[in-house]
Amino acid sequence: MALLRITSPHILKPGRTGNVMLQVILATLPGLAALCYYFGWGPLINVVWAAMLAVLFEVAVIRLRKRPVTFYLNDYSAILTAVLLGLALPPFAPWWVTFIGIFVAIVVAKHLYGGLGNNPFNPAMVGYALLLISFPVEMTRWAPPSLLTESGNLGLIETLKVIFEIVDLPDAYTMATPLDTFKHKGALTAEELWSQSPLLSQGLDAWYAISGAFALGGLYLLIRKIYTWHIPVSMLVSLILVSGFFYGSDPSNYAPPLFHLTTGAVVFGAFFIATDPVTAATSNKGKLFFGAIIGLLIYIIRTWGNYPDAVAFAVLLMNLSAPFLDYYTRPRTYGHKKSNRGIKG
Amino acid sequence: MSRIWNFHGGIHPQENKQQSLTIPLRQMPLPKRLTLPLQQHIGTPAIPTVKVGDKVLKGQRIAEPSGFVSIYMHAPTSGTIVEIGDYPVPHVSGMSAQCIILEPDGNETWIEHQGVEDFRTLEKAELAEIIRCAGISGMGGAGFPTNIKLHLSDDHIVNTLIINGVECEPYITADDMLMRERAAEIIGGIEIAAYLIKPTHILIGIEDNKPEAAVAMTEAARTSKLNIEVVVLPTKYPSGGERQLIKLVTGVEVPHGQLPADIGIVVQNVGTMSAVYQAVHDGKPLISRITTLTGKALSSPGNLEVLLGTPIADLLDFCGVDSSKQSRLVMGGPMMGYTLNTAQIPVIKTSNCVIAGTLEEFPPAPPAQSCIRCGNCEQVCPAELLPQQLHWFAKGKEFDKALNHNLMDCIECGACSFVCPSNIPLVQYYRYAKSEIRNEQQEQRKAEQARIRFEARQARLEAAQQEKEERRKARAEAASKAQAAKRKAPVTTTTDSAIDPEAELKQLKTQAAVARTKLKKAEKALQEAEQNGADNIDQLKQDIESAKQKSELAQKAFSDAENKAPAPAAPSLKDLKVAAALARTKVSKTEKVLADAEAKGAPSVDQLKNSLQKLKEKAEQAQKAYNDAEASETAGNVSNASSSQGTQSTAASTSAAQPIDPPQNDVKALKSALAIARTKLKKAEKALAKAEEEGIEELEDLKQAVAEQQAKTDSAAAAFAKAEADCQTAKEATNQGPDIKALKTAAAAARTKLKKTEKALADAQAQGSASAEPLEKALSGLQAKVVQAEKALQEAQAQEATLA
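Protein sequence lines, in the order shown, are assigned to chains X and G. Residue numbers for the first sequence follow the numbering used here, beginning at 1 and rising by one. Residue numbers for the second sequence follow the numbering used here, beginning at 346 and rising by one.
The set of hints was computed from the structure by calculation and includes no laboratory data. It cannot be assumed that every hint is accurate.
The list that follows gives simulated cross-link-like pairs (lysine-lysine, PhoX-like), each with its CA atoms no further than 25 Å apart [as the list claims (entries may be wrong)]:
#, chain 1, residue 1, chain 2, residue 2
1, G, LYS746, X, LYS285
2, G, LYS779, X, LYS337
3, G, LYS740, X, LYS66
4, G, LYS1067, G, LYS1104
5, G, LYS969, G, LYS886
6, X, LYS338, G, LYS779
7, X, LYS13, G, LYS746
8, G, LYS1098, G, LYS1025
9, G, LYS919, G, LYS1028
10, X, LYS13, G, LYS740
11, G, LYS931, G, LYS961
Computed list of chain X residues with no C-beta within reach of chain G, every gap over 12 Å [said to hold, decoys possible]:
#, residue
12, PRO9
13, ILE11
14, ASP75
15, LEU112
16, MET139
17, GLY212
18, LEU216
19, ILE226
Derived coverage of chain G by chain X (criterion: at least 3 residues anywhere in the stretch with Cβ under 8 Å from a Cβ of chain X; other residues may be distant) [as the list claims (entries may be wrong)]:
#, segment
20, 594-608
21, 707-716
22, 729-741
23, 763-772
24, 825-832
Cβ coordinates follow ideal geometry from the N, Cα and C atoms, glycine included.
Pulled out of the complex, with its shape left as it was, chain X reads as follows (with noise of 0.2 Å):
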């Protein structure tokens, strides 16, 4: 037998870029479920349909570009982008903003820029955030979880054919997010709203479900080395901190910390947006920079912006910083006094 001749290392460990990318998709299962259990069948149609589209874009640009289908669709990185963004819309959000939203995450954010790794803003966002500019009110239709409702979630059929839009919503089944009633609490105080709003009084346990069940996803990511810890923790810690700070300092005009944790998509970004490694810092320091600033970044937009939830806006801000950090924050290289910093060639 002819003898290679290859450089070494002669061996590597068995693992593959679409492995990372199922072990991520696999973490969001948990979150989906708790999703569906309280608002029914429109996040799992949601993310099916997103996924679909993901890979008929996928294939049609790969095509396009001239690559290998097989070779690249097997890496994953479009439906995970599909059920990342899946997730994030309202549950009754028309076929056509998922397919617009598709679209753009796959065509322009991923592929315009070279494809998967040369992307310089998470895809998933750069689709959530057009959608949340341009269909405000398809986007902010979310509906009341099932705790509030009296005949339950609706049946699959019903779903379909208001996802479809061949029949209306009910209005039965349209109610703001917490984020959004306690942003337009008014001359109303912390504690007066908490007290008239039945959202905010009976149904904010589905929203600490949903969030425990994307951090239990997390958690498993954390534990199977698909990342570090240093963005989810420097973010939920950064967001708690300054919540906690204005909490403390005036409690009627506030939301507590734990409100702002557990509502919106925080825990879902700290976990499966922000960790995005493609976007994000790239050295441990750089990561915690990188996750304290998005924390930072959504009690700002939350608190004083237009937009009741920021998770989207912190994360592609940070997105344009992450190549900044990455070369201000690079470790010290071993026998090295301290790390070198700047763009300085």
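Starting from the structure of chain X, add chain G where the hints point.
For chain G alone, coordinates are given in the frame of chain X:
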């Protein structure tokens, strides 16, 4: 137990060490042929001290160091040197290098050797020399000559000696086996090393996957008087790397760009310690080592005591290789070893392992996917680099950025490639970037050297030029001073000669011609373009316009210059001559026409005759004018010779020579006048002869002209002879100083003149000219003068000789 620190990163690949530990250490039988590369170490190759055909004994020296970082080599067994030539050697590149080929005789006859009873009685230098003479270089990795590491200069104070028994790479068990089998030898070697470098701490680092070795070493260490501590380290690759091991057992990092010795630490491999012990205790040089033979293609993997130079093919055969299953032959471990493309490569001092791997064992790497910056590489990098960033920089050829990200601190351990989920061959990228950077630096150094050399050359040339210039100046000054002193005459300065108007005129004429040519070309191009219907006609027209303007300007400049140009003094004569000739030509033409007309009986004969008459008159006038001018010129030349000569000779010589030269100049002018007169006479005679032959009417005129010319020539010859005689006397009068050169020239000139005159005389005589007589006279005069001149010269020379 001393504390164990940690280093960043590291990986835990499958160990695969058990395969080669099932069978105890075996002795490899004597091979048929040993190939001994002259370079088995870091540094310069050794130089052979044996010739082809030499019989050598086991342990006999066969090569010597070629520098400080170089080592001795010894014959691993007794036999004959059969060849010294290029063979493939163990190297990443698969290159060939010079090897000594030894054919064993099978007797294993040792050369006389003797160990040292008690090395403590020896001086350090002597001990280091014994290690040097045993040809020991590091047996763990790089192969650095051991004597240098153990005999550091006095400015290095070593506080810690670390013995590396970590063997962190998968598959390799050579050091493990050595520690199990020869722990006492290793401790003996450590004692020698400790005697040489006097460390305060001695630590032996062993990974916890080698418990037997750790136990054996601990027990052996107990027998030593030294305080040797065995440190059992957690298994992690690459804790056997020198810098990683130092960090592990001391907590200290070797600063970037420094050696461990710079911070008082020396690291030695266990195999090297055993070799040191054998060299000192038994007097045996390094001629064999323990090598691990492993891999799934071998039926009986294990550790072998192998003579250096044994071909790997022999080892594989001994271990029962199934060459149909073998797909990759790796020298060293799977993480940092390199593949071999032939099994004919020999075992050298650093060969710790040979892996004959099957395809299942070493499957080809899957195609690389995109980097998703997962950061796994960063988590495992023992040098704390950012491999994912370095990968981008290497890929994008941004080598400056790669350098700034400390690419050169990469130890190429392969941990990053190992963990990469996208299967990117990261280490390859780093090797590529490193070699590109090294090439670039080398180029820069070369360019810098070339620049320095060029500048030095330039300076040298300039200096030489300046020196030359100065010498020239000094010479000129000395010459002018000497001249001034000699002449004792005021040196009159002459103004710089103005730009030669004639040359200027010529130039202008050329310019005008060039402009005209250009204009013509442009016109031609325009015509062509018009014919072809090209679209750049406008452009061409413009060109023509500008060419025309230029041409006109040039022509105008030329004609202006021509008008302005002062009427040259000499040409008048020439012009007159030409005019006369023209007139004559016209006359002859008209005569011809008249003859034709007469023959034909044309009515215009009278008219023609008239015009002929006129023309003849004109011709005569012209001829007369010319003759007059010529006569006046000759006269002028005689009288104003000095002034006209001034323009011809150099200013300095004129001004300096003025007091003496006038008569000489007269002579010259007279001479040329004489020559002219003679030429004219000849022409006239020739014309006369022709006319006589043809029977032309003007015969009488011509005869007269010839006679006139003859008279003129005679008078000129007489004037010349007289002037020359005057000149000679004048010269003699002024020749007071021993101006030998001038005298010599004068004598030579006189001789030449004499010859010329003789010739002229001969001509004149042949022609029966009347001027023969005066010429004869002149000749005799000249002869006398030549004699005089030569005499003067001799006298002057004699005078000078006496003066000197």
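Verification of the hints:
1. G:LYS746 with X:LYS285: Cα-Cα ~20 Å, so holds.
2. G:LYS779 with X:LYS337: holds (22 Å)
3. G:LYS740 with X:LYS66: Distance ~21 Å between G:LYS740 and X:LYS66 Cα, so the pair holds.
4. G:LYS1067 with G:LYS1104: holds (19 Å)
5. G:LYS969 with G:LYS886: violated (54 Å)
6. X:LYS338 with G:LYS779: It holds: about 22 Å lies between the C-alpha atoms, which stays within 25 Å.
7. X:LYS13 with G:LYS746: Not satisfied, since the Cα-Cα distance of roughly 29 Å exceeds 25 Å.
8. G:LYS1098 with G:LYS1025: holds (21 Å)
9. G:LYS919 with G:LYS1028: Holds, at roughly 17 Å.
10. X:LYS13 with G:LYS740: Measuring from Cα to Cα gives roughly 23 Å; hence the hint holds.
11. G:LYS931 with G:LYS961: Answer holds: G:LYS931 to G:LYS961 is near 9 Å, not above 25 Å.
12. PRO9: violated (3 Å)
13. ILE11: violated (5 Å)
14. ASP75: violated (6 Å)
15. LEU112: The assertion about X:LEU112 holds, with a minimum of 15 Å to chain G.
16. MET139: For X:MET139, whose nearest Cβ neighbour in chain G is about 28 Å away, the distance exceeds 12 Å, so it holds.
17. GLY212: holds (26 Å)
18. LEU216: holds (22 Å)
19. ILE226: violated (8 Å)
20. 594-608: holds (count 6)
21. 707-716: holds (count 8)
22. 729-741: holds (count 5)
23. 763-772: Our answer is that it holds, as 8 residues pass the Cβ test (under 8 Å) against chain X, meeting three.
24. 825-832: Violated - the segment 825-832 of chain G has 0 residues with a Cβ nearer than 8 Å to chain X, which falls short of three.
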